[in-house]
Amino acid sequence: MPAPPLPTPLLPTPPLAAPLLALDDLRVTFATRQGPVEALRGVTLAVAPGETLGLVGESGSGKSVTAFAAARLLDRAGRIAGGRIRFRGGDVTRLSAADLRAAHGAAIGMIFQNPRAALNPIRTVGRQLADVLRAGGLSGAAARRRALESLEAVRIRDAVRRLDAYPHELSGGMCQRVMIALALAGAPALLIADEPTTGLDVTTQKTVMDLVARLIAERGMAMILITHDLGLAAQYCGRIAVMEAGRLVEEGAPDALFAAPRHPYTRRLVAASPTPTSTLDALVPEAPRAVPLAPRPRPAPGTPPLLEVQGLGKRFAGAVAVEDVSFSLREGESLGLVGESGSGKSTTSRMICRLLDASAGEILFEGGSIGGIPARDFHRSPHRRAIQIVFQDPTDSLNPRFSAFESIAHPLRRLTDLRGAALHGRVVESAERAGLGLGLLERFPHQLSGGQKARVGIARAIAVRPRLLVLDEPTAALDVSVQAGVLRLLDDLRRQDGLAFLFVSHDLNVVRMMCERTIVLQGGRVVEAGPSAELFRAPRTAYTRELLAAIPHFRPGVPREAVAGAGSVA
Amino acid sequence: MNVLSQPLARPARPSTLRHAAFVLRHNPVTALAAAGAAGLCLVALLSPWLVPYDPVASDVSVALQAPSAAHWAGTDQLGRDVLSRIIAATRLDLAIALSAVGLSFAAGAVVGALCGYAGGRLDRVVGRVVDVLMAFPLFVLAMALVAALGNRVENIVVATAIINLPFYVRFARAEVNVRRDAGYVEAARAGGEGHVGVVLRFLLPNVLPAMAVQISLNLGWAILNAAGLSFIGLGVRPPTPEWGILVAEGARFITTGKWWLVAFPGLALMLAVLCFNLLGDGLRDILDPRMRT
Amino acid sequence: MSAVSGIARRAGRRLLSSLPALLGVLVLTFLLMRVLPGDPAVFFASGPNAGQAEIEAIRHQMGLDRPVPEQLVRYLGDVATGNLGRSMTTGQPVLADLRQRLPASLELTVTALVLALALALPLGIAAALRPGSAVDHAVRFLCALGVCVPTFVSGLLLIYVFYYLLGLAPDPTGRIDVFASSPPDITGFYLVDFLLVGDLEGWRTAAGQLVLPALTMALFVLAPLARITRASMLAVLGADFVRTARSLGLPRRRIVVTYALRNAILPVLTIAGIVFSTMLGANVLVEKVFSWPGVASYALDALLSSDYAPVQGFVLLMASLFVLVNLTVDVLYGLADPRISVE
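Which chain is which? The protein sequence lines are A, B and C, in order.
Just so we're aligned: 345 in UniProt numbering is position 345 of the first sequence, and the numbers increase by one with no gaps anywhere.
Just so we're aligned: 165 in UniProt numbering is position 165 of the second sequence, and the numbers increase by one with no gaps anywhere.
Just so we're aligned: 41 in UniProt numbering is position 41 of the third sequence, and the numbers increase by one with no gaps anywhere.
Don't take every hint at face value.
Sample of chain A residues at the chain B side, in silico, Cβ under 8 Å [said to hold, decoys possible]:
1. Gln-388
2. Ile-389
3. Phe-391
4. Asp-396
5. Asn-399
Examples of chain A residues toward chain C, derived with CB under 8 Å [to be verified]:
6. Arg-101
7. Ala-106
8. Ala-117
9. Pro-121
10. Ser-341
11. Gly-342
Since the hints were derived computationally from the structure, they do not count as laboratory data.
We treat Cβ as the ideally placed atom computed from N, Cα and C, and that holds for glycine.
Just need the whole structure built from these sequences, with the hints factored in.
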């Protein structure tokens with residue numbers, strides 16, 4: 001499909017070498033109740049026409065603020081405190097609202113994370129597209145015709161019918177395509193994509209990003225891709241800029257940058273990002289293990305499995321969430337449960353924790369059935385202590401009214417006889433083992449960082465000395481550098497205590513490092529199961545292959561094409 | 001290990017107080033409202049000693065006098081001092097509102113929390129009943145209740161409590177419901193807590209602050225309702241001083257320009273409601289964890 | 001169109017599901033009235049010195065000596081056939097009384113609601129468009145104050161200012177000046193009827209009588225409406241899709257009206273429904289202050305003189321009105337929000 005003819009650019013085209021967008025010592029402050037907070041402390045950055053720039057960094061690094069400031073879309077609290085923004089050589093730092101309106105859409109297009117929220121919920125897709133086209137000067141009928149073309153351009157099947165669809169009638173990936181169509185409707189010269197695939201499954205992420213990359217290339221547009229995922233940036237960008245705490249710390253071509261990062265922060269970030277070859281030790285190279293590396297526990301042959309699940313099934317209001325899932329877990333073994341959203345992995349883990357009743361199947365713990373005990377009564381079972389869980393969202397899983405100490409002490413009070421000094425000692429010991437500074441024990445959740453909260457959750461789970469620890473995406477809400485520390489902590493704890501892990505995750509690289517065996521779930525069923533090393537090296541089913549291929553990879557020192565190829569061939 | 005030897009201090013209280021002080025300093029309106037509410041309660045407690053005149057003693061020689069140095073808020077048709085009657089009425093009005101809101105809060109929080117946590121059929125039925133009650137003209141319901149139960153002060157309390165009830169049920173239900181699947185609830189269950197313990201030890205403490213806001217806002221509403229009922233001649237009866245009755249008595253003289261009979265009791269009503277409403281808004285800010293440092 | 005049929009289905013379902021609620025109201029009011037103090041038979045009897053025999057006869061004639069369940073069934077049957085009983089004070093059938101007085105109440109309530117919306121929407125929107133500005137503070141102050149002044153106080157003060165002091169308003173009693181004649185009874189709404197017969201002078205008189213009570217009621221509900229408009233508009237203006245619209249360079253008018261306002265109006269609609277039903281209750285106070293000959297003052301008079309039937313009829317009427325209002329809100333909501341019709 002040929003790209004629609006481009007309207008004449010709004011601003012005069014500069015000489016070829018000149019950058020399309022240039023930020024010069026840009027400073028942004030946000031007004032908060034506690035006074036102004038500096039979000040950008042002088043960012044200098046340029047994007048040439050047709051270039052693709054990846055802006056990477058962890059939360060709070062200012063990467064999104066940079067993009068919003070560059071597009072002059074900061075919300076009311078944000079203010080450009082200094083520096084310049086030039087677009088095609090013209091200063092847009094203090095452009096009036098009316099001129100800005102013309103520049104939006106026609107010069108810079110943006111796509112956002114959470115695409116469904118980014119679309120007007122009570123207006124059809126077609127009308128929203130037509131709104132943009134009409135703002136660009138097209139008449140009603142022409143706008144509708146063009147709207148159809150732009151939906152077809154983003155590969156939306158049955159585009160004529162989709163014109164009359166509302167956003168809630170479309171899937172997340174489809175909404176993001178519509179968003180892309182909207183952003184490109186005004187034929188801008190620059191596309192800013194702010195975490196465009198956060199919240200999308202890895203396979204959807206791949207199709208959406210491939211589409212963006214192709215459209216950008218076809219139309220000769222420049223793109224700024226903002227992401228926390230180094231792999232994604234490496235795969236789709238020609239140049240990478242790394243941000244930390246409101247500053248740009250390093251930039252360069254992805255291969256060079258990731259192979260030989262110069263700045264300490266980049267080095268840490270690159271090391272902490274899981275790749276198909278990374279190991280737990282490599283994630284946090286600068287901090288040696290707290291305890292000598294003991295071999296992972298190996299149960300004596302012949303002992304019965306710690307956990308055995310047979311034909312587990314769950315239906316919610318008639319809909320199948322999990323069906324016929326069977327596996328077993330030996331003492332001290334770590335088993336990974338991977339799958340995309342809706343695969344039933346969390347439901348399965350909830351049933352095994354006895355927080356949710358199964359509709360079918362049997363759960364045996366140390367040879368005894370625990371599936372028959374209703375979840376309602378399981379808190380009185382002697383096994384409650386043996387099976388503990390670490391939750392996905394560290395914030396959500398801590399009682400806002402409990403201090404860290406209280407949170408850790410609570411299961412001890414309910415499940416053990418420890419009281420007084422003994423209880424206190426156990427809490428302190430668990431906190432120390434979880435790497436939580438003792439000074440933090442008096443703090444409340446809102447006074448702790450995400451990584452600290454995750455450690456409180458881990459300390460709480462290990463305090464009662466369980467035999468089986470269910471980890472439900474324990475690091476999904478954390479930045480990679482924090483994730484690296486937490487992952488290794490978990491692995492240490494497991495080695496020391498001989499704990500068994502049921503590790504639920506959507507991140508295959510993490511599961512490969514953490515687990516000896518892996519189960520792949522799709523639509524509530526087991527697709528493939530086997531030793532992790534084998535499963536990742538030579539997946540037997542098409543679905544697992546597709547999952548693996550969809551993960552954006554980078555390997556320090558290995559050309560990207562080779563990596564991409566490895567993913568699909570392996 | 002130094003830390004091991006001494007039990008950790010249990011914080012929370014001082015930090016909450018500090019936080020409250022911080023918010024009050026930065027939010028003078030709330031401080032003013034809190035002071036006003038406290039002042040009202042003081043007036044209610046001390047009213048027998050505060051009144052300049054006997055609130056029920058009539059003296060026809062000074063009937064219907066405009067506000068003056070002797071009678072700051074004027075006198076009524078029987079020569080009674082309006083200010084004294086307003087002050088004397090504070091106790092009754094506050095007592096009615098407080099006990100009504102207390103009753104409906106206690107019942108509503110428990111029922112609502114149960115429904116919100118348990119869900120299922122009970123929840124649907126209660127939800128439906130509450131919906132119907134809430135959308136029904138509540139003042140009419142209160143009228144009918146008072147008339148049915150008997151024209152007495154206790155029944156004003158009961159009627160006001162009943163029409164307040166759906167708000168608390170719905171509120172507690174919604175607040176508990178959004179937290180029912182929170183991670184910390186599941187964590188508590190994994191930590192060996194039963195359902196009852198989860199509701200009592202985890203959910204209610206987290207819901208109570210929000211309900212405190214609701215209580216404050218509803219106090220104002222309860223005062224208005226009680227005054228409205230006595231205005232139309234239900235519940236409290238003359239010559240008992242009560243704000244609604246004072247306004248009702250003054251209403252007869254408004255077309256002849258005796259404004260003070262309506263304006264001053266009206267002002268008292270308004271100030272009382274305003275204080276509780278602003279206090280509620282301020283509480284919401286204080287309890288909003290996002291504002292915490 | 002499928003959307004329309006979806007809304008119709010929804011409305012129908014809603015109507016069906018409100019039938020049990022209506023029945024509940026019927027039973028409840030019946031039981032309430034049963035325990036009301038005062039024996040209507042005594043009231044109906046010839047005088048305070050009526051003999052026991054006479055009272056018994058009346059009780060028998062009214063069916064008050066039958067068991068309660070039987071009385072309930074009879075009552076339900078009566079309601080089903082449109083017989084709401086007879087008022088002892090007016091001597092008329094309750095249905096006729098209500099029919100005659102309902103337009104007065106509705107005219108007042110609807111005028112007040114329209115007035116309140118006409119004030120609250122622009123105020124709320126203006127405040128939300130410039131949060132923290134003088135307009136915003138003024139609106140918030142007005143909202144804080146508005147919910148604190150009871151209608152019976154604000155109504156009386158309005159009378160004092162506009163009737164006694166300024167002489168702008170007519171004598172605050174009734175729907176029409178005592179010396180003027182009421183319009184022919186076509187719809188029962190005076191403003192409409194006067195227009196229909198082309199009597200502009202009469203229309204002006206009726207409107208003059210209506211202004212103060214309607215304003216009183218409007219002031220009372222202005223605050224919640226303005227407040228929800230402001231809050232909802234603020235929330236929507238901060239929403240992702242408004243940011244999208246800005247990033248796409250849509251004209252400001254389109255962003256504010258088509259994108260923000262149309263979304264923001266949805267919660268306002270819900271609140272407006274609740275407000276209308278609150279006003280039906282608040283009518284009691286306003287009608288009393290302005291001697292407005294509506295259904296609420298009728299029910300109140302009956303209530304104070306232990307006259308069962310009008311109160312029962314009034315409560316039933318309120319319940320039906322409330323079902324209708326909810327239905328209207330539902331339909332409007334369905335039209336405004338495509339997400340609803342799916343479900």
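Hint numbers not upheld by this structure, sorted from lowest to highest: 10, 11
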